[in-house]
Amino acid sequence: MGAENEIKTVEGKAGIQEKKAGFMTVLMKNPSASVFLIFFGIHSGMNVVPYHLVIAGDLAAQVWGKSMTFYLVIFDAVRLGLGVMFAGPFGSLGDKCGNFLIVCIMLVLEVSPIISTLMLGRNEAGLISFCALRALAGVTGASLTSAPCMYAYSHELVSSREHYRLYTALIYGVTCSMTMAFFIVARRIDVAIGPDGMLWLGVALCGVQVLMLIGMRLPCMRPAPRRSEEDGNPVAADSEEQVVSETSYSSDGSLQEQPAQKRSVISWLRLVRDHPSLLRVCIISMMVCMAETVLHDTMGQYAFSVLDILTGKENGPKRRKIAFIASVTTWCAISASSMLMGWFQKLSSPIFLLKLVIIFVAIFQTLPVILMFSPTTLVLVVCCISVGSAFMALPILQALVPEVAPPGQTSEAIAAMAAFKNAAYLCTTIVLTIALPALNQSSLEHPLWVLFPVCGALALAAVPLAMNLKPYAPKATTSTSMK
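Going left to right, the sequence shown walks through residues 4 to 486 as the numbering used here numbers them.
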């Protein structure tokens, strides 16, 4: 009877206190995860600020002119292709070797583009080296919202599933808020020192992350133990992983034995194939995350073109100013919408909430077309708020993965979703590679506007897939009845 009670604590019903937990409760009960939140924000600043303000915000326009989006799309295609192929195996490696090691490898890959540009200078060679090494870092499956290995590692640091739902919203909210702050700091550095100062800021942020990773290994920073969802008692991490990987419960409460599965390079594909709800979440993430591609690859040129500052070296300061305003506004909108979604997840299940949010995502992705009819900075701010708000589905999808994935394979499931997202970005990038030259040669005055309603329509098409989502429930096979 004692052994049965110990096993039952792995899956029992969620405690009332866990369901009523707020953001501060999550932070206080998970101190190591709270520190890792800061890591998320610093890492985002290191990645986003140099790319948006130095590379896409000025250098690419200066070197490539009207072809800047075309060439950036080519490099993004390589990056996303590597993400599709290697994100799943990267996640499997995290389940096997530990996500801390994978986070360290990811950090080395993502700081290398900044260092190469500093070494070669802000010229064509530096631009190409930045884009090439950034493409190589795609093996981690990283996107605008950080790498999947970071989400998998944060899942290890949080003590319960209910806390993880709120924690994902905190990740997006804190990350976006810190990124916005780094944009402001970078803008000050640009005025005082110049664009090279923003690149050095990225290197400095990498150094801070290294120190934080070292600090995470100290005994005082050990993650809080996983807790039973029934009575709140701690469950040892090792024993829990052993239990959930070998046993689970069917819907009638019976204990089910599950044979251990061998992992391979394509095991993440079998994982998605064998779990329909996980497959649906992955496909939905493909369809609603098109805003990331639009934000990265077309929003800059679209805004520069409408405001008539696309070409000319003399327009460099104006482009960096507009890039700064657009980036800060967008990240502010992502932060606010993510925190709002976290609050809503306290009131409703992520599955129900996702069904409603997708409709708003489609509207927000379409709204930037109004900039063409009113080319002012104020309207640009409204459009950036719209694009940023379209990211509100991401924390919900991220929180859903552990609920639709089998126990013991969370890291692989998170990486699988990242692979599907990269596949979506890759498909969109290929389409843009073909469509952009045709659009630029068309008779339309600002032809990129047609891409926004297309993305909105794709997001809206994800609504039917969200209707039949269900939490993970193992199939009942040979089982032992539990009293």
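Because the hints were derived from the structure by calculation, they are not lab data. Treat the numbers as computed from the prediction; the structure is a model and nothing was measured. Some clues are possibly wrong.
[Unchecked claim] What follows is a set of in silico ranges between Cβ atoms, one per label pair, in the way DEER data are often shown:
{"no.": "1", "residue 1": "C107", "residue 2": "R273", "range": "26 to 34 Å"}
{"no.": "2", "residue 1": "Y475", "residue 2": "L104", "range": "22 to 30 Å"}
{"no.": "3", "residue 1": "L381", "residue 2": "M215", "range": "49 to 57 Å"}
All C-beta atoms in this analysis are idealised placements derived from N, C-alpha and C, irrespective of residue type, glycine included.
Going through the hints against the structure:
{"no.": "1", "hint": "C107 / R273: 26 to 34 Å", "result": "holds, 28 Å"}
{"no.": "2", "hint": "Y475 / L104: 22 to 30 Å", "result": "holds, 27 Å"}
{"no.": "3", "hint": "L381 / M215: 49 to 57 Å", "result": "violated, 39 Å"}
The structure is inconsistent with hint 3 alone, although it conforms to all the rest.
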